[in-house]
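Between the sequences and the hints, there should be enough to build the whole structure, so can you do that?
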Amino acid sequence: MADGTISREYGPFEGVDGVYGVDTDGERIWYAAGDSIRALDPETGELTERIDVQGDAGTAYDGTHLYQLYEDEIRRIDPKTGTIVSTVACPCGTRGSGMAWAEGSLWIGEYRGRKIHRVDAETGELLATLESNRLVTGVTWADGELWHGAVEEEDVELRRIDAKSGEVRERIHVGEPGVMVTGIAPTKDGRFFCGGGSSGKVRVVGRGED
Amino acid sequence: MSNNDDAKRAARALAAGDPLAALKLVGRREDPECLALRGIALAQIGDLALARSLLDRAADAFVDHPVERARCVAAAAEVALAARDLTFPLETLSAAIGTLAAGGDSVNAAYADLVLIRANVLLGRIDDAHERLSTIHYDIAPATLVAVRHLLAAEVAIRRIEANAAADALERAARAATVPSLQTEIADTTKLLDKPAARLLDAGDERTVTLREVETLFASNTPIVDACRPSLRIGGEIVSFLRRGTLFTLLLELARAGPAGVARETLFERVFESKIADDTQRARLRVDTSRLRKMIAPHATIEATGEGFRLLPEVVVLRPPIDGDHAAVLALLADGRRWSTAALTAALGTSRRTVQRALAALEADGRVAAYGRGRNQRWQRPPLTTIATALLLPNLGPIH
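These protein sequences, in sequence, are chains A and B. Residue numbers for the first sequence follow my numbering, beginning at 26 and rising by one. Residue numbers for the second sequence follow my numbering, beginning at 9 and rising by one.
Worth flagging that the hints you see were computed from the coordinates, not collected in a lab. As the structure is a prediction and not an experimental result, all values here were calculated from the model. Treat the hints loosely; a few may be bogus.
Said to hold, decoys possible - Calculated from the model, a selection of chain B residues having no Cβ within reach of chain A, i.e. all distances over 10 Å:
| id | residue |
| --- | --- |
| 1 | Asp64 |
| 2 | Ala227 |
| 3 | Gly244 |
Said to hold, decoys possible - If you only want the chain A side, here are some residues facing chain B, beta carbon under 8 Å, derived:
| id | residue |
| --- | --- |
| 4 | Ala85 |
| 5 | Trp126 |
| 6 | Trp132 |
| 7 | Gly134 |
| 8 | Arg139 |
| 9 | Thr165 |
| 10 | Trp166 |
Claimed, not checked - Okay, derived cross-link-like pairs now, DSS-like style, lysine-lysine, Cα gap no bigger than 30 Å in a straight line:
| id | chain 1 | residue 1 | chain 2 | residue 2 |
| --- | --- | --- | --- | --- |
| 11 | B | Lys302 | B | Lys283 |
| 12 | A | Lys140 | B | Lys16 |
| 13 | B | Lys199 | A | Lys140 |
| 14 | B | Lys203 | A | Lys140 |
Glycine included, each C-beta is placed from N, C-alpha and C at the ideal position.
This is the structure we're talking about:
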């Protein structure tokens with residue numbers, strides 16, 4: 026197994042304790058930095074925005090508002106003004122990990138629970154709790170190579186699968202001993218932005234031979 | 009283009025079984041590809057109703073792209089199956105498989121073929137499923153496809169009471185599977201192999217047996233009265249008592265008693281549910297005994313004893329692993345999914361009235377719960393992980 030090459034590293038940034046949730050809106054990388062939510066321009070490497078709202082896991086974006094998990098709450102934030110518009114209780118308490126927005130709902134993954142909670146983005150009402158204990162569906166839009174990210178506990182491994190043979194062709198270990206990996210978002214060029222937890226860094230990770 | 013890249017990355021996330029990551033990328037866009045990807049993401053998350061509507065919308069939007077449209081149809085079919093909508097037109101799925109294959113999308117054509125076979129398993133067409141599956145071999149295929157194929161082979165083997173073949177297939181599936189939800193499915197199915205599949209009564213002693221033990225028993229030429237699938241297995245033959253309820257009850261009483269036999273009065277009570285012992289009952293018993301004798305000849309027979317009757321030769325008796333009526337309906341609901349009455353009827357190959365009566369009784373006992381009303385009504389019970397239900401489920405022929 027190869028160690029991932031960190032092709033670029035951003036941070037740590039002054040005043041930022043750690044990097045937690047990571048999300049991208051196509052132009053900026055939003056990440057929760059403990060005491061604030063930051064936007065990072067991946068081209069220049071600069072922090073372009075700062076919203077002084079604490080956040081420690083799971084960031085989502087509906088095109089207008091940012092949503093951020095903090096402790097056992099979901100915060101809705103107006104990125105233009107940097108203010109928290111509303112706060113609701115997170116249905117999985119403090120165990121929420123990833124979060125996405127779609128179809129008017131927030132979808133929140135429960136760390137270790139293999140459950141996903143569906144929450145009304147407007148009202149915060151819990152609409153459903155879903156367990157994915159069987160694969161529905163396996164119909165795929167991924168042509169050619171299939172990258173596979175596997176997250177076990179706090180260790181992250183990226184695997185490249187040969188689409189024809191099903192063999193694992195490459196395994197990349199992301200993260201360093203003692204450093205959590207706290208979020209992944211894909212880059213435009215097939216690599217990954219990974220939040221580096223308490224190191225306060227966002228790394229771009231790609232293949233070993235880069 | 010950034011948009012295309014997002015879709016590609018979402019597709020990869022889905023292939024890895026990470027639907028949340030995919031949603032983050034395509035959650036906000038309305039072009040057909042993103043509708044489809046969002047539908048697949050929501051299917052993987054488990055919101056089947058929403059997934060289905062998105063996939064249907066995507067299929068409509070792909071009007072000039074037959075291969076992409078066929079993918080949506082195949083995904084929608086799989087979602088329908090998962091929602092236990094067994095009225096989904098399987099010809100539509102077959103047509104989609106053809107379009108995918110002709111369009112060069114061999115991976116999805118192969119996957120959709122597995123979905124079709126799985127629909128047959130749910131409908132109880134086990135032999136059909138077994139035959140089709142045995143013609144499918146992949147020289148090189150993506151890991152998920154390989155894993156799903158082996159998992160399906162295991163499910164078919166379980167329904168055919170071939171525990172060793174099932175264990176073998178599950179092992180292969182586990183080696184190939186990299187998607188977490190698939191790994192969970194494989195692990196859950198593997199655990200079932202060691203669960204009680206039936207109770208075995210042998211020379212007065214009763215104990216629970218696993219699927220493996222039942223398989224060994226079936227292969228051993230021991231004469232068996234099987235109350236799970238009402239039948240007599242003897243001399244290499246299987247005599248079915250489906251729709252011959254009274255005769256089977258008679259056979260079962262005689263089988264349980266062994267060489268000691270059963271008194272007439274006891275049979276009146278247990279078989280005819282009558283406490284009266286008069287000439288009518290005696291005549292009735294003679295008639296039924298005679299009918300039964302014909303059915304079980306030549307390998308078995310019924311002898312008159314002083315007080316009643318006995319069955320020869322001695323047999324062992326298999327009973328369902330749990331008590332209570334309506335074992336077959338419960339067995340289908342054991343997967344914890346929501347089933348409609350129509351789907352239960354289709355899967356059991358019985359009449360709708362029979363299923364309705366069973367559901368009413370089970371609901372009165374608090375063993376199943378109803379959701380919704382009318383055409384949207386669904387039935388559910390918490391998933392049953394303590395028993396293996398294979399023996400309770402029918403093996404139906406191609407046309408029923």
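Results for each hint:
1. Asp64: With a cut-off of 10 Å, Asp64 of chain B remains clear of chain A, as the shortest Cβ separation is near 14 Å.
2. Ala227: holds (31 Å)
3. Gly244: holds (38 Å)
4. Ala85: OK, holds: Ala85 of chain A within 8 Å of chain B, min 7 Å.
5. Trp126: This interface hint holds because 5 Å falls under the 8 Å limit.
6. Trp132: Given a least distance of 6 Å, the restraint on Trp132 of chain A holds.
7. Gly134: Hint holds; Gly134 of chain A Cβ to chain B Cβ min 5 Å, cut 8 Å.
8. Arg139: holds (7 Å)
9. Thr165: holds (5 Å)
10. Trp166: Holds. Min distance 4 Å.
11. B:Lys302 with B:Lys283: Judged against 30 Å, a Cα distance of about 27 Å means the pair holds.
12. A:Lys140 with B:Lys16: Given pair Lys140 of chain A, Lys16 of chain B holds - Cα atoms ~25 Å apart, limit 30 Å.
13. B:Lys199 with A:Lys140: holds (21 Å)
14. B:Lys203 with A:Lys140: Given that 30 Å is the threshold and the Cα spacing comes to 26 Å, the pair holds.
In summary, this structure violates none of the numbered hints.
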